[in-house]
Amino acid sequence: MSAPPSPDDGLSPAELAAKYGLAVSGARPGLFEYVRQLWGRRHFILAFSQAKLTAQYSQAKLGQLWQVATPLLNAAVYFLIFGLILQADRGMGIKVYIPFLVTGVFVFTFTQSSVMAGVRAISGNLGLVRALHFPRASLPISFSLQQLQQLLFSMIVLFCVTIGFGSYPSLKWLAIVPILALQFLFNMGLAMIMARLGSKTPDLAQLMPFVMRTWMYASGVMFSIPLMLKGRDLPVWVTDVLQWNPAAIYMDLMRWALIDGYEWDVNMPPYAWAVAVAWAVLVAVGGFVYFWKAEERYGRG
Amino acid sequence: MAVAEQRADTHIPTVIADELHIVYRVNGAKTGKGSATSALSRIVKRGEERGVRKVHAVRGVSFVAYRGEAIGLIGSNGSGKSTLLRAIAGLLPAEKGKVYTDGQPSLLGVNAALMNDLTGERNVILGGLAMGMSREQIKSRYQEIVDFSGINEKGDFITLPMRTYSSGMAARLRFSIAAAKDHDVLMIDEALATGDRKFQKRSEARIRELRKHAGTVFLVSHNNKSIRDTCDRVLWLERGELRMDGPTEEVLKEYEKFTGK
Chain A
1 MSAPPSPDDG LSPAELAAKY GLAVSGARPG LFEYVRQLWG RRHFILAFSQ
51 AKLTAQYSQA KLGQLWQVAT PLLNAAVYFL IFGLILQADR GMGIKVYIPF
101 LVTGVFVFTF TQSSVMAGVR AISGNLGLVR ALHFPRASLP ISFSLQQLQQ
151 LLFSMIVLFC VTIGFGSYPS LKWLAIVPIL ALQFLFNMGL AMIMARLGSK
201 TPDLAQLMPF VMRTWMYASG VMFSIPLMLK GRDLPVWVTD VLQWNPAAIY
251 MDLMRWALID GYEWDVNMPP YAWAVAVAWA VLVAVGGFVY FWKAEERYGR
301 G
Chain B
1 MAVAEQRADT HIPTVIADEL HIVYRVNGAK TGKGSATSAL SRIVKRGEER
51 GVRKVHAVRG VSFVAYRGEA IGLIGSNGSG KSTLLRAIAG LLPAEKGKVY
101 TDGQPSLLGV NAALMNDLTG ERNVILGGLA MGMSREQIKS RYQEIVDFSG
151 INEKGDFITL PMRTYSSGMA ARLRFSIAAA KDHDVLMIDE ALATGDRKFQ
201 KRSEARIREL RKHAGTVFLV SHNNKSIRDT CDRVLWLERG ELRMDGPTEE
251 VLKEYEKFTG K
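Here the protein sequences line up with chains A and B, keeping their order. Just so you know, we're using full-length UniProt numbering here: the first sequence kicks off at 1 and counts up by one. Just so you know, we're using full-length UniProt numbering here: the second sequence kicks off at 1 and counts up by one.
Please note: incorrect hints may appear among the correct ones.
Claimed, not checked - In the SDA-like style, the derived pairs of lysine to any residue whose C-alpha atoms are separated by at most 20 Å in a straight line are:
1. A/K52 - B/K98
2. B/K181 - B/K212
3. B/K257 - B/R25
4. B/K96 - A/A14
5. B/K98 - A/A27
6. B/K54 - A/D203
7. A/K19 - B/G97
8. B/K154 - B/K96
9. B/K181 - A/S12
10. B/K253 - B/K139
11. B/K54 - A/L126
12. A/K200 - B/V55
13. B/K96 - A/R28
14. B/K225 - B/E241
15. B/K98 - A/L16
16. B/K98 - B/V52
17. A/K61 - B/T164
18. A/K172 - A/P269
19. A/K172 - A/W273
20. B/K139 - A/L46
21. B/K98 - A/G21
22. A/K200 - B/K257
23. B/K54 - A/R130
24. B/K225 - B/E254
25. B/K98 - B/S82
26. B/K139 - B/T164
27. A/K95 - A/V24
28. B/K225 - B/S76
29. A/K19 - B/T164
30. A/K52 - B/N111
31. B/K98 - A/R130
32. A/K200 - B/E144
33. B/K257 - B/G246
34. A/K52 - B/V52
35. B/K201 - B/E144
36. A/K200 - B/V52
37. B/K98 - A/K95
38. A/K293 - A/A23
39. B/K96 - A/E295
40. B/K98 - A/A14
Hints were generated in silico from the structure; no laboratory data involved.
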């Protein structure tokens, strides 16, 4: 080894780096720079989510038909059990209860699968994270987008179910768009929080199904919270708080928009829209910042 | 650090590694009873985790790479070559020490972004997007990528799912996608070993071309001949430590003595 005579000789590595304007490799960019990078990767995010969606059913003979068939079968099972066998209506009448139930299941599944995909977004794609450069938030966002596209297929089935039980399209149905947008924001934020937690503790993937099931039962997927608590000796705010739970609020808004017999004054908690917006903004912004804070650490195995 | 060559005109550093340490953490690799409780304590307790094995893959490596250099990385299997490349690319966070780079170094490899269930066509687009190319760039390079891979030489295979490809075909497509982009600092990890003889020739030519555009090239290889052909400086890693750093011939001679060739 022969050291060349150079004016740089006495410099420490850090000084040398500063002199030639070298930056620390893999350093976390600022928040606004990060958003800009993420926006630059929007095509990748979209393409990745669509690729995942397509790959899901590519081995099946019926192929992409399963994207509609899966929710359809789901709805059929609920109709069979609750509609035909149990004939349950939980005080709502069967015409309201079946669409109520199916809406609840689909809307909750949207959040549930986003959370589950979020947990594995980093830990399940370590190969990708360790091979290529991109803002890591692309992954949880892409997975949430995949779930959104899956939900849009489910919505087709949901429309058929509601119409089949006598709730016809009206102006109220336009509210579906903002409701889905808010829920998507909420899910995306949650997926980013779960992605960071899951990258540090992959065990969460085993734990989350139980957490999600508890959340599902507490959110009134199969029963109406106000009807369930009516007549019990509970303060009014207990019902409100239970209904302000993000999963419950998005389900209830969707039911109100879709189902004719699901009246606002009876079923909705106060400030329903405000709470829905608040959850979406809070979790989306909070989740994004929380995820970004650990940006340079993803990929450490 | 000492530098092998004297090039007054191009004496501009592009990559500086400063006492770099990389540690992998492997969950659940500790054998024995009580793995459930140790898992629990892992969640409850922060800090020094139990039940987690640490693999110290790179131990205090320092060097400076300059513009225009082609640097070979050699060493036996598991000596930390690939890990070092990933750390330079900023893909693996450093445990201690720092890597400074000029621009964004990129690793030649998109394997992880590709999906076996998708057609070759869609994988070209997906891989290009994953590498940060724009849709227009991919569109203009698309035919070039497909032709280079030679996938369509034996019929229209590009519209079939990648899982139907032979391992050689898949490797060729992967390399073609990866090599479609120009890079500032380029790192190549054993890429020359893929495909048949004809394709190897073609990819060697492509790498030389990439080298012309790139500021600095790093090449990991177990093939001393391809190191001799392409590199003018060699870093020899052994057990995560930098054992030798110098001109290709000098280091390779020592290395060949060491491996008993």
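Now the hints, each set against the structure:
no., hint, in the structure
1, A/K52 - B/K98, "violated, 35 Å"
2, B/K181 - B/K212, "holds, 13 Å"
3, B/K257 - B/R25, "violated, 34 Å"
4, B/K96 - A/A14, "holds, 14 Å"
5, B/K98 - A/A27, "holds, 10 Å"
6, B/K54 - A/D203, "holds, 18 Å"
7, A/K19 - B/G97, "holds, 18 Å"
8, B/K154 - B/K96, "violated, 50 Å"
9, B/K181 - A/S12, "violated, 33 Å"
10, B/K253 - B/K139, "violated, 46 Å"
11, B/K54 - A/L126, "holds, 17 Å"
12, A/K200 - B/V55, "holds, 17 Å"
13, B/K96 - A/R28, "holds, 16 Å"
14, B/K225 - B/E241, "violated, 23 Å"
15, B/K98 - A/L16, "holds, 13 Å"
16, B/K98 - B/V52, "violated, 24 Å"
17, A/K61 - B/T164, "holds, 16 Å"
18, A/K172 - A/P269, "holds, 18 Å"
19, A/K172 - A/W273, "holds, 14 Å"
20, B/K139 - A/L46, "holds, 17 Å"
21, B/K98 - A/G21, "holds, 15 Å"
22, A/K200 - B/K257, "violated, 43 Å"
23, B/K54 - A/R130, "holds, 18 Å"
24, B/K225 - B/E254, "holds, 15 Å"
25, B/K98 - B/S82, "holds, 17 Å"
26, B/K139 - B/T164, "violated, 24 Å"
27, A/K95 - A/V24, "violated, 62 Å"
28, B/K225 - B/S76, "holds, 16 Å"
29, A/K19 - B/T164, "violated, 52 Å"
30, A/K52 - B/N111, "holds, 15 Å"
31, B/K98 - A/R130, "holds, 17 Å"
32, A/K200 - B/E144, "violated, 41 Å"
33, B/K257 - B/G246, "holds, 16 Å"
34, A/K52 - B/V52, "violated, 32 Å"
35, B/K201 - B/E144, "holds, 17 Å"
36, A/K200 - B/V52, "holds, 12 Å"
37, B/K98 - A/K95, "violated, 65 Å"
38, A/K293 - A/A23, "holds, 19 Å"
39, B/K96 - A/E295, "holds, 17 Å"
40, B/K98 - A/A14, "holds, 9 Å"
Consistency with the previously given hints fails for numbers 1, 3, 8, 9, 10, 14, 16, 22, 26, 27, 29, 32, 34, 37, ordered from lowest to highest.
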